[in-house]
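*Asks:* Sequence lines, in order, name chains B and S.
Residue numbers are given in numbering that gives the first Met the number 0: position 497 of the first sequence equals residue 496, and the series is strictly consecutive.
Residue numbers are given in numbering that gives the first Met the number 0: position 145 of the second sequence equals residue 144, and the series is strictly consecutive.
No wet-lab data here; the hints were simulated from the structure.
Bear in mind the structure is a predicted one, so any value in this text is a computation, not a measurement.
No residue lacks a Cβ here, since even glycine has one placed at the ideal position from N, Cα and C.
A portion of the hints provided could be inaccurate.
Claimed, not checked - Anything over 10 Å on all C-beta distances counts as not near chain B; from chain S, calculated:
{"#": "1", "residue": "Arg84"}
{"#": "2", "residue": "Val141"}
{"#": "3", "residue": "Ala226"}
{"#": "4", "residue": "Asp258"}
{"#": "5", "residue": "Asp260"}
Said to hold, decoys possible - Straight-line C-alpha distance at most 16 Å; calculated EDC-like pairs for lysine to aspartate or glutamate:
{"#": "6", "chain 1": "B", "residue 1": "Lys569", "chain 2": "S", "residue 2": "Asp182"}
{"#": "7", "chain 1": "B", "residue 1": "Lys569", "chain 2": "S", "residue 2": "Asp191"}
{"#": "8", "chain 1": "S", "residue 1": "Lys228", "chain 2": "S", "residue 2": "Glu11"}
{"#": "9", "chain 1": "S", "residue 1": "Lys228", "chain 2": "S", "residue 2": "Glu90"}
{"#": "10", "chain 1": "S", "residue 1": "Lys228", "chain 2": "S", "residue 2": "Asp30"}
{"#": "11", "chain 1": "S", "residue 1": "Lys228", "chain 2": "S", "residue 2": "Glu46"}
Said to hold, decoys possible - Simulated coverage check for chain B against chain S, where a stretch passes if three residues somewhere in it have a Cβ under 8 Å from a Cβ of chain S:
{"#": "12", "stretch": "190-197"}
{"#": "13", "stretch": "412-426"}
{"#": "14", "stretch": "429-437"}
{"#": "15", "stretch": "531-538"}
{"#": "16", "stretch": "575-581"}
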Amino acid sequence: MTIANDAGAATPGDPGPAAAPDAARPVAGGGVLRTPAVWVPAALLLGIVASAVFAPLLSSASPEFSDIGNTLAGASSGHPLGGDGVGRDVLSRLLHGGRQSMLGALVAVTVATAVGGPTGLFAGFFRGWFDAVAGWVSNLLMAIPGILVLLVVIVAFGNNIYTAMVVFGMLLAPNVFRLVRAAVTGVREELYIDAARVSGLRDLRILRRHVLPVVIAPVIIQAAQLFGIGIIVQAGLEFLGLGDTRSASWGSMLNDAFTNIYLAPRLLVWPSVAIVVTVVLASLMASGVRDAVQGRGRSRSVPRRRAAVESLRAVLPADDELLRVEGLEVAYGDREVVHGISFGLRRGEVLGIVGETGSGKSQTAFSILGLLPSTATLRAQGLTFDGTDLLACDERELNALRGRRIGYIPQEPMTNLDPAFTIGSQLAEPMRRHLGLDRTAARQRAAALLTRVGIRDPGRVLDSYPHELSGGMAQRVLIAGAVSCEPEMLIADEPTTALDVTVQAEVLDVMRSLQEERSMAVVIVTHDLGVVADICDRVLVMRDGHVVETGPVAEVFARPQAQFTQDLLKSTLVGAPLRRPVQTVREGASW
Amino acid sequence: MSRTVEPLLRVENLVTEYTRRGRAPFRALDDVSLEVTAGETLGIVGESGSGKTTLGRTLLGLAPVTSGTVEFRGEDVSHLGRAGRRALSSEIQVVFQDPYSSLNPAMTVRDILTEPLVTAGTDRVEADRRVLTLLDQVRLPVDAGRRYPNEFSGGQRQRIAIARALSRQPSLVVCDEPVSGLDLSNQATVLDLLIDIQESTGVAYLFVTHDLSVVRHVSHRILVMRAGKVVETGDADVVTTTPADPYTRRLLLAAPIPDPDEQRERRRAWRELEEVTP
Chain B
0 MTIANDAGAA
10 TPGDPGPAAA
20 PDAARPVAGG
30 GVLRTPAVWV
40 PAALLLGIVA
50 SAVFAPLLSS
60 ASPEFSDIGN
70 TLAGASSGHP
80 LGGDGVGRDV
90 LSRLLHGGRQ
100 SMLGALVAVT
110 VATAVGGPTG
120 LFAGFFRGWF
130 DAVAGWVSNL
140 LMAIPGILVL
150 LVVIVAFGNN
160 IYTAMVVFGM
170 LLAPNVFRLV
180 RAAVTGVREE
190 LYIDAARVSG
200 LRDLRILRRH
210 VLPVVIAPVI
220 IQAAQLFGIG
230 IIVQAGLEFL
240 GLGDTRSASW
250 GSMLNDAFTN
260 IYLAPRLLVW
270 PSVAIVVTVV
280 LASLMASGVR
290 DAVQGRGRSR
300 SVPRRRAAVE
310 SLRAVLPADD
320 ELLRVEGLEV
330 AYGDREVVHG
340 ISFGLRRGEV
350 LGIVGETGSG
360 KSQTAFSILG
370 LLPSTATLRA
380 QGLTFDGTDL
390 LACDERELNA
400 LRGRRIGYIP
410 QEPMTNLDPA
420 FTIGSQLAEP
430 MRRHLGLDRT
440 AARQRAAALL
450 TRVGIRDPGR
460 VLDSYPHELS
470 GGMAQRVLIA
480 GAVSCEPEML
490 IADEPTTALD
500 VTVQAEVLDV
510 MRSLQEERSM
520 AVVIVTHDLG
530 VVADICDRVL
540 VMRDGHVVET
550 GPVAEVFARP
560 QAQFTQDLLK
570 STLVGAPLRR
580 PVQTVREGAS
590 W
Chain S
0 MSRTVEPLLR
10 VENLVTEYTR
20 RGRAPFRALD
30 DVSLEVTAGE
40 TLGIVGESGS
50 GKTTLGRTLL
60 GLAPVTSGTV
70 EFRGEDVSHL
80 GRAGRRALSS
90 EIQVVFQDPY
100 SSLNPAMTVR
110 DILTEPLVTA
120 GTDRVEADRR
130 VLTLLDQVRL
140 PVDAGRRYPN
150 EFSGGQRQRI
160 AIARALSRQP
170 SLVVCDEPVS
180 GLDLSNQATV
190 LDLLIDIQES
200 TGVAYLFVTH
210 DLSVVRHVSH
220 RILVMRAGKV
230 VETGDADVVT
240 TTPADPYTRR
250 LLLAAPIPDP
260 DEQRERRRAW
270 RELEEVTP
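Take these sequences, add in the hints, and give me the full structure.
*Replies:* Below, the structure written as structure tokens:
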């Protein structure tokens, strides 16, 4: 029952098994408790809880015994923190008071989680009418002014603070409901839920095995935060004199201190410190757990600062060479992913960089563009574009090159268009900046470019937002953008991978004709040997950060020299054998 | 024993619609009919939005049947309740496209593989024994059971997903783009594995993909879909060499092949076709 262990590992005291180290899902593993940001506040909080639980052992005085002689008295040997307004021992009240304060908050948290958790789980998983009703009730509860309700409850049901905290828990339940529902909604789209269903698992079992573990960590985090809120609200109510003021609690201590604020202001200090420290510790622990859990998820966003660059030695490029890469190395920490590769690109030449996942092909392209993430280290003996040493360029100089003389076509067209702006403004902006065109001229040129890449209705597309376009259309727009300032070199990173074959053929067609028309140099990064055969003059085969083979496409495809290239060409399914006919007709599978 | 050859799966005039708020329902599948016999692979090929994935999901009970019938072993299963579906789960299984999302990252491979068995009432000891057989069948090391999905590469994960689909010895597996997320070399390995398993066990595949070279390699028969409708259906060789429908022809010519000279010819042919059928 790994699931149960993994999920429970977020609760203190259960280290759990060594869970998946970088699981995509925020499942808390045993490591969470080992994070100082978690165990330090957790240990301190545990200390406070222990001091309340073992209060009778820590202070011999009774928290409710009134000793007139001790009224507002200072510290003495019998009363280390002195006496309060009616002569009760402050230390004893502080320690015992923790019980009521924390227990009350715990009641609220328990009610909120017990009500909001399952409701959110079912609403998120089953949707339908239950979700609609639960959502409506949750919105209603959130709209109700909480404190007012609590006052009414206390007046109507007598001065019992725990009743008030149960009601407060109900008022907090929508927070838990929303959190759980959102988490469940996210996970129910995962294919492993579908797979479980196809495997014949009952819904309750799917909930327990696959959904619950994902929900538990965020709920624990939120519970810690709600615990803090519970303490504050309860103290607030007791400070107002609601609830039983005779029984010890941090709130009732504040109430007593307030009546004597001119005579003994120091009485305010102890309960305040207790409340603040407890609340801060709970919230620190919550954020510690959150950071620890989130830190394990795969980070998808890549910071776009410039990578550390080190130029070893400038190498002068050959005459008609537009781009020269010499001894390019890219490393992430100690892990080198590109191991000193060299190649050149002539004007008007189309170079395909082909390789499998992790071959370093995209890293190479990003190195030329200066778009490596900041965690990467780039080193090269030379990285020269038309005589300009790219390694010596600062960010401003690089920006002047990119877009103007070096165009870029990304793999995912949609994520590379800003959803907040029209296509027209996104196409016109670089032209206005790089070419100094005015608004009308830029728009005209943008329309002409869209027509050029095969868009039949450029006016409508210019006024559209990215979400109104199909993937193929968006990629055409990006190609139009990439060539808008008539670059001498175009770098395309898997430009057709996200597209259907028919759209891919059209996009490749557009790229090829633009390339011929403007005799642009093009670098295409791809894993598809068909794309290379279709559009490239020369090919660079990469594997594990090394160049395995390079040469004219016709030659490499006809007579591959390297074993890897041969294997790669062999693993394409063109000309692969067809299936033999089904030999015997069976009633079914013969297992 | 003298029964006539009855298909394992027979789909007739299947329509699947998704209701949309304030708009006419979206028809994802429009009058689809097909048959799959035991031990054969029917390839379903089409572009995004062609309804090929919805077809697989409808057969699995993950998408609704608006009208038409789905018969499995002669029995109408198009409107089965949850209990009926559960009973069918030993017969029809699935391998999804994304081997990252389809395996719960918090479960060990052993737990992933035994879950369908334990649910079906197999005892733990027997289930564990079965895991070893399955791992062997998909050519993963014996100790793989103790590890978590993220310790495996994409191709290996897909083999785990295949093992899970096979765990209850189904007679039909819906394969939804099982190799499109994989590198070329892994792709070939996984496809050959699927073919080997089929030839030794007689399981039937409904193989959904957008890749014509893949579908040609793995299928006995191919069905081409476009916008929810069946465009063409026939023997794999016929459909991928002399297709009857112009759409299939365009689809075939659009896929670039790794031979520069032949590709130039294909591109020319594609362009001509493009001009005739815009």
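*Asks:* In terms of beta carbon proximity below 8 Å, does the stretch 429-437 of chain B have 3 or more residues touching chain S?
*Replies:* Answer violated; 0 residues pass the 8 Å Cβ test.
*Asks:* Holds or violated: Lys569/B with Asp191/S, Cα cutoff 16 Å?
*Replies:* holds (14 Å)
*Asks:* Is the coverage entry for the stretch 575-581 of chain B by chain S consistent with the three-residue Cβ rule at 8 Å?
*Replies:* With 6 residues in contact (Cβ-Cβ under 8 Å with chain S), the coverage given for the stretch 575-581 of chain B holds.
*Asks:* Quick one: work out the minimum CB distance from Val141/S to chain B and report holds if it exceeds 10 Å, violated otherwise.
*Replies:* Holds, since 19 Å exceeds 10 Å.
*Asks:* The output says Arg84/S does not contact chain B. Does that hold with a beta carbon cutoff of 10 Å?
*Replies:* The assertion about Arg84/S is violated, with a minimum of 8 Å to chain B.
*Asks:* Was Ala226/S rightly flagged as not at the interface, with every chain B Cβ beyond 10 Å?
*Replies:* The claim holds: Ala226/S sits with its nearest Cβ about 13 Å from chain B, beyond 10 Å.
*Asks:* Taking 8 Å as the Cβ threshold, is the statement that the stretch 190-197 of chain B is covered by chain S upheld or broken by the three-residue rule?
*Replies:* Check passed, 7 qualifying residues.
*Asks:* Please work out if Lys228/S and Glu11/S have their alpha carbons no farther apart than 16 Å.
*Replies:* Holds, at roughly 13 Å.
*Asks:* Sort out whether Glu46/S lies within 16 Å of Lys228/S, counting only the CA atoms.
*Replies:* With a Cα-Cα distance of about 12 Å, the restraint between Lys228/S and Glu46/S holds, given a limit of 16 Å.
*Asks:* Can the stretch 531-538 of chain B be counted as covered by chain S under the rule of three residues or more with Cβ-Cβ separation shorter than 8 Å?
*Replies:* It holds, with 3 qualifying residues against the three required.
*Asks:* Could you grab the alpha-carbon distance between Lys228/S and Asp30/S and see if it respects the 16 Å cut-off?
*Replies:* holds (7 Å)
*Asks:* Within a Cα-Cα threshold of 16 Å, do Lys228/S and Glu90/S meet the stated pairing?
*Replies:* violated (26 Å)
Of the numbered hints stated above, those contradicted by the structure are hints 1, 4, 5, 9, 13 and 14, listed in ascending order.
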